[in-house]
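A.B. asks: Residue-level listing of the chains:
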Amino acid sequence: VPHLLSHIVDALGGELRGSRDFEVARLASLEHAGQGDLSFCSAKQPTLALRQSRAGCLVLSAENYAAIAPNLPARAFVLVSDPYLYFARLTQWWKRVQGVAANEPLIHPTAFIHPSAHLAADVRIGPFVYVGPHVEVEAGAFLGPHSVIEEGVKIGEGTRLMSRVTIYASCQLGHSGLLHSGVVVGADGFGFAKNGDEGWEKIEQLGGVRIGHAVEIGANTCIDRGTLDDTVISDGVKLDNLIQIGHNVYIGPHTALAACVGVAGSAHIGAYCTVGGAANIFGHLRIADHVHIAGTSVVTRSILKAGHYGGFFPLGEKAEWEKNAAVVRQLYRLRERVKRLESPPLTSAIQK
Amino acid sequence: VPHLLSHIVDALGGELRGSRDFEVARLASLEHAGQGDLSFCSAKQPTLALRQSRAGCLVLSAENYAAIAPNLPARAFVLVSDPYLYFARLTQWWKRVQGVAANEPLIHPTAFIHPSAHLAADVRIGPFVYVGPHVEVEAGAFLGPHSVIEEGVKIGEGTRLMSRVTIYASCQLGHSGLLHSGVVVGADGFGFAKNGDEGWEKIEQLGGVRIGHAVEIGANTCIDRGTLDDTVISDGVKLDNLIQIGHNVYIGPHTALAACVGVAGSAHIGAYCTVGGAANIFGHLRIADHVHIAGTSVVTRSILKAGHYGGFFPLGEKAEWEKNAAVVRQLYRLRERVKRLESPPLTSAIQK
Amino acid sequence: VPHLLSHIVDALGGELRGSRDFEVARLASLEHAGQGDLSFCSAKQPTLALRQSRAGCLVLSAENYAAIAPNLPARAFVLVSDPYLYFARLTQWWKRVQGVAANEPLIHPTAFIHPSAHLAADVRIGPFVYVGPHVEVEAGAFLGPHSVIEEGVKIGEGTRLMSRVTIYASCQLGHSGLLHSGVVVGADGFGFAKNGDEGWEKIEQLGGVRIGHAVEIGANTCIDRGTLDDTVISDGVKLDNLIQIGHNVYIGPHTALAACVGVAGSAHIGAYCTVGGAANIFGHLRIADHVHIAGTSVVTRSILKAGHYGGFFPLGEKAEWEKNAAVVRQLYRLRERVKRLESPPLTSAIQK
Numbered sequence: 053v054p055h056l057l058s059h060i061v062d063a064l065g066g067e068l069r070g071s072r073d074f075e076v077a078r079l080a081s082l083e084h085a086g087q088g089d090l091s092f093c094s095a096k097q098p099t100l101a102l103r104q105s106r107a108g109c110l111v112l113s114a115e116n117y118a119a120i121a122p123n124l125p126a127r128a129f130v131l132v133s134d135p136y137l138y139f140a141r142l143t144q145w146w147k148r149v150q151g152v153a154a155n156e157p158l159i160h161p162t163a164f165i166h167p168s169a170h171l172a173a174d175v176r177i178g179p180f181v182y183v184g185p186h187v188e189v190e191a192g193a194f195l196g197p198h199s200v201i202e203e204g205v206k207i208g209e210g211t212r213l214m215s216r217v218t219i220y221a222s223c224q225l226g227h228s229g230l231l232h233s234g235v236v237v238g239a240d241g242f243g244f245a246k247n248g249d250e251g252w253e254k255i256e257q258l259g260g261v262r263i264g265h266a267v268e269i270g271a272n273t274c275i276d277r278g279t280l281d282d283t284v285i286s287d288g289v290k291l292d293n294l295i296q297i298g299h300n301v302y303i304g305p306h307t308a309l310a311a312c313v314g315v316a317g318s319a320h321i322g323a324y325c326t327v328g329g330a331a332n333i334f335g336h337l338r339i340a341d342h343v344h345i346a347g348t349s350v351v352t353r354s355i356l357k358a359g360h361y362g363g364f365f366p367l368g369e370k371a372e373w374e375k376n377a378a379v380v381r382q383l384y385r386l387r388e389r390v391k392r393l394e395s396p397p398l399t400s401a402i403q404k
Numbered sequence: 053v054p055h056l057l058s059h060i061v062d063a064l065g066g067e068l069r070g071s072r073d074f075e076v077a078r079l080a081s082l083e084h085a086g087q088g089d090l091s092f093c094s095a096k097q098p099t100l101a102l103r104q105s106r107a108g109c110l111v112l113s114a115e116n117y118a119a120i121a122p123n124l125p126a127r128a129f130v131l132v133s134d135p136y137l138y139f140a141r142l143t144q145w146w147k148r149v150q151g152v153a154a155n156e157p158l159i160h161p162t163a164f165i166h167p168s169a170h171l172a173a174d175v176r177i178g179p180f181v182y183v184g185p186h187v188e189v190e191a192g193a194f195l196g197p198h199s200v201i202e203e204g205v206k207i208g209e210g211t212r213l214m215s216r217v218t219i220y221a222s223c224q225l226g227h228s229g230l231l232h233s234g235v236v237v238g239a240d241g242f243g244f245a246k247n248g249d250e251g252w253e254k255i256e257q258l259g260g261v262r263i264g265h266a267v268e269i270g271a272n273t274c275i276d277r278g279t280l281d282d283t284v285i286s287d288g289v290k291l292d293n294l295i296q297i298g299h300n301v302y303i304g305p306h307t308a309l310a311a312c313v314g315v316a317g318s319a320h321i322g323a324y325c326t327v328g329g330a331a332n333i334f335g336h337l338r339i340a341d342h343v344h345i346a347g348t349s350v351v352t353r354s355i356l357k358a359g360h361y362g363g364f365f366p367l368g369e370k371a372e373w374e375k376n377a378a379v380v381r382q383l384y385r386l387r388e389r390v391k392r393l394e395s396p397p398l399t400s401a402i403q404k
Numbered sequence: 053v054p055h056l057l058s059h060i061v062d063a064l065g066g067e068l069r070g071s072r073d074f075e076v077a078r079l080a081s082l083e084h085a086g087q088g089d090l091s092f093c094s095a096k097q098p099t100l101a102l103r104q105s106r107a108g109c110l111v112l113s114a115e116n117y118a119a120i121a122p123n124l125p126a127r128a129f130v131l132v133s134d135p136y137l138y139f140a141r142l143t144q145w146w147k148r149v150q151g152v153a154a155n156e157p158l159i160h161p162t163a164f165i166h167p168s169a170h171l172a173a174d175v176r177i178g179p180f181v182y183v184g185p186h187v188e189v190e191a192g193a194f195l196g197p198h199s200v201i202e203e204g205v206k207i208g209e210g211t212r213l214m215s216r217v218t219i220y221a222s223c224q225l226g227h228s229g230l231l232h233s234g235v236v237v238g239a240d241g242f243g244f245a246k247n248g249d250e251g252w253e254k255i256e257q258l259g260g261v262r263i264g265h266a267v268e269i270g271a272n273t274c275i276d277r278g279t280l281d282d283t284v285i286s287d288g289v290k291l292d293n294l295i296q297i298g299h300n301v302y303i304g305p306h307t308a309l310a311a312c313v314g315v316a317g318s319a320h321i322g323a324y325c326t327v328g329g330a331a332n333i334f335g336h337l338r339i340a341d342h343v344h345i346a347g348t349s350v351v352t353r354s355i356l357k358a359g360h361y362g363g364f365f366p367l368g369e370k371a372e373w374e375k376n377a378a379v380v381r382q383l384y385r386l387r388e389r390v391k392r393l394e395s396p397p398l399t400s401a402i403q404k
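These protein sequence lines map, in sequence, to chains A, B and C. Each residue of the first sequence is one higher than the one before, counting from 53 in my numbering. Each residue of the second sequence is one higher than the one before, counting from 53 in my numbering. Each residue of the third sequence is one higher than the one before, counting from 53 in my numbering.
Where hints are given, some of them may not hold.
What the simulated footprint calls covered on chain B by chain C, stretch by stretch (three residues with Cβ under 8 Å from a Cβ of chain C suffice, anywhere in the stretch; the number is not a length) [stated by the list, open to error]:
{"hint": "1", "segment": "76–87"}
{"hint": "2", "segment": "214–228"}
{"hint": "3", "segment": "260–270"}
{"hint": "4", "segment": "383–394"}
With a cut-off of at most 25 Å between alpha-carbon atoms, the simulated SDA-like pairs for lysine to any residue come out as follows [as the list claims (entries may be wrong)]:
{"hint": "5", "chain 1": "C", "residue 1": "K370", "chain 2": "A", "residue 2": "G248"}
{"hint": "6", "chain 1": "C", "residue 1": "K96", "chain 2": "A", "residue 2": "G248"}
{"hint": "7", "chain 1": "B", "residue 1": "K370", "chain 2": "C", "residue 2": "K357"}
{"hint": "8", "chain 1": "B", "residue 1": "K246", "chain 2": "B", "residue 2": "E256"}
{"hint": "9", "chain 1": "B", "residue 1": "K96", "chain 2": "C", "residue 2": "E253"}
If you're looking for bench data, these hints aren't it; they were derived computationally from the structure. Remember, it's a predicted structure, so these values are computed and weren't measured experimentally. By construction, the Cβ of each residue, glycine as well, lies at the ideal position given by its N, Cα and C atoms.
Start from the sequences, fold in the hints, and give me the full structure.
C.D. replies: In structure tokens form, the structure reads like this:
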């Protein structure tokens, strides 16, 4: 179903130029947008993609509008100060108005709810969900198909579990959360004491997991429960897919971790950090606020100063990098050789 | 149940030498095969393992047969041009004929099928499967136990979901696919716009996932839906376990990714590529056809030329590699020192 | 519910000093323990955290007790030879005595058990579990909510599947195991033969997975079935979350792998090894007993000698490490330049 552009601008703001009765068929990228579609450009200067776009409607800055609008086939424009943020809100608006009127039952007849669980009146529970004893779920929450909510869990207002999510006993989720399929919250941290040749003696993990408000967690990501205290994920944290968060970890507000990141036990990560995909953070260290780690980097020590950090072996053609790797294997000897060259032995100086 | 070797050769071809009424008890590796078992050798020359094998039956090349057969205890041989490919087909034949006559019900009574779903007549649905509204499933498909198929999903002919698979709304799977347990197709891509100190504003992911024919996806692998357009996995692609495919990624036909690989958003990978385990591919870059990436490598730029690429820090004994890593930390200074040594300062030349 | 310290010492041993009727409210870390809590110190010398701890009760070595006890506010002490091991056992005791009297039904009415399955009398089966044909489950085992147990699986005494675990057909688990949510045991190994431009021909994986006794497996970890023989996980092995174990891998007794480790096919890892988080082990190689691999390292060759190994690119500030990486890209040339400096060309010597 298309939507009137004027309705969008009424809801989200922005300055409309051109056809007010433009009907938006789709939101699309600059490359793929056609004459019925809306797209956006967040670059400071007009990009090639913008110049070539056949989008019927464009969200852009007043500067880009002034620079290029007359040369574009678009029939409507929305001028805003931050096109990317505007576009984010537009996707939310779009999803909401497109939303199918869910005539599914509020609590699916195949779900099993323990009689001691307390669910707010309008909680929706999908097929085959298991809700254990003493669970508390607040208004507007959604527990997707095949989720497992163990004893004593608390789930805040409007938080959604998409499907096949497990929340272990005694963990807490704040309001407005979104947990994707396969997420596991509260499995045991990896804790064992060595018992000589007998192997490993398990340290039972007696803490829980506390997740703040407006936290999003990607598919198949795992957050372990704490050993004694809780593992803590603060408000506004965004975790991508297949991330591992070890026991006793603390992640500060509004920090975002891309997919496949590993955070070892008891690491303390500050607020407003970003960690690129597949980076790994060792245990028991401290990362300050506003630290940005490049993808695939390895953090082995605390980072106490805000800034951008990274480190990974550069890619090369096979023959090249194997030769380089061979040098790395003896790199400290190369440095010694350079040192010797810099300070020629006394005898040789005398001989001269 | 053992199988007559002649039946195998009738079904799969190859030139039988020796005992036609040989009964194959097991398929086994050269090392473990006994006198009732069939094994194979795909090496160009006879290997030590072949020379020492006690297999009763061997699949090998005519060259290896000529070189070594009289010295082997095997009573039967199958001569083929590509023993490895022949063996692959034999495993398929073996599994098929061993296949238990599934006297399970076609649609398990514990499954929940939405009344608006359309299933072909001979689709098999396992226990506790949830099939949402407007889902379409073609002939011969199998939805394993505990799978979750959301609204509007299409599943092609003969595609099998082993168990505990989630397919989010509006995604499509081609025919002859195989998805292993825990796979998540179509969770939200990781997209947020910064909203100053307020944190992150979600970009709803409005695209889907289109998966081609004969695609295999390993356990707990995640493929995110596109932001506006679809994420695309082409025909014949093979994905191992615990792989992350970000939003808007395109993977070309017959490309294979080993376990734990991460592909960031909007990467475009060509056809007939291979990516080794735990390699990571950054977002928004382009990889040509026939590119082969070594395991654990990091691809940060486009690769426009077919070939073999790699790069990772070499392993060493703890004391050694720590010394080497210390040099890496100041490597560009070492280069400067070498440069200075190469061009001695003018003054010093004059002093000479 | 608090517990009398004397009960703890009666059950687990140790020499009690101070208040025998001390009631332990919580087990807590040195930092967070209050006057009603029990904590421990496993360091050889008194640490700062111990000196500052307000714990009411402390488990420590006789040496540390002698050195510092009078200066601490604790009212009770337990003297033991290995405080960390003692603490591990205490967490187990604590969890056991806190254990809710499970008045849940032994076999949940929503579970589906195939009539040909054989369950010991006191096996507990959670909600929505599917138990396939010919499955055998021994005494005291627990199959958590939403688990999928395929045909012919065997599960040993007291082994617990927490929830949403899949065990593929014909795999075996020993006794006293613990499998966390999302674990997949026995999915197909990644095996294909190249069929020219046609793409990949599947090699059916006909082996199984054999898991020993007292094995713990973390959330969303995957262990693939063998191609012909079995993948083997020996007694006492501990696997953390999101680990990938390829087909035909062997892991020796009491080896522990931290989260996100990848082990490629046919690798053979010895006993009493430890592998740090996100390390990767290539296929078809051999690792001796008592080998310890640092997190994020890449093992590309066999390691035949016990010891500590590692290797990863050091982290740096963005500008620094990019300069270093640029040198790495041409490192073998730098070595050549050093070589030339070391042996000046003959002609130049003559010219002198």
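A.B. asks: Each hint: holds or not?
C.D. replies: For each hint, the structure was consulted:
1. 76–87: The restraint on the segment 76–87 of chain B holds, since 5 of its residues have a Cβ under 8 Å from chain C and three suffice.
2. 214–228: Since 3 is at least three, the answer is holds.
3. 260–270: holds (count 3)
4. 383–394: holds (count 7)
5. C:K370 with A:G248: violated, 43 Å
6. C:K96 with A:G248: holds, 18 Å
7. B:K370 with C:K357: holds, 13 Å
8. B:K246 with B:E256: Distance of about 14 Å is within 25 Å: holds.
9. B:K96 with C:E253: holds, 20 Å
Violated hint: 5 only; the structure is consistent with all others.
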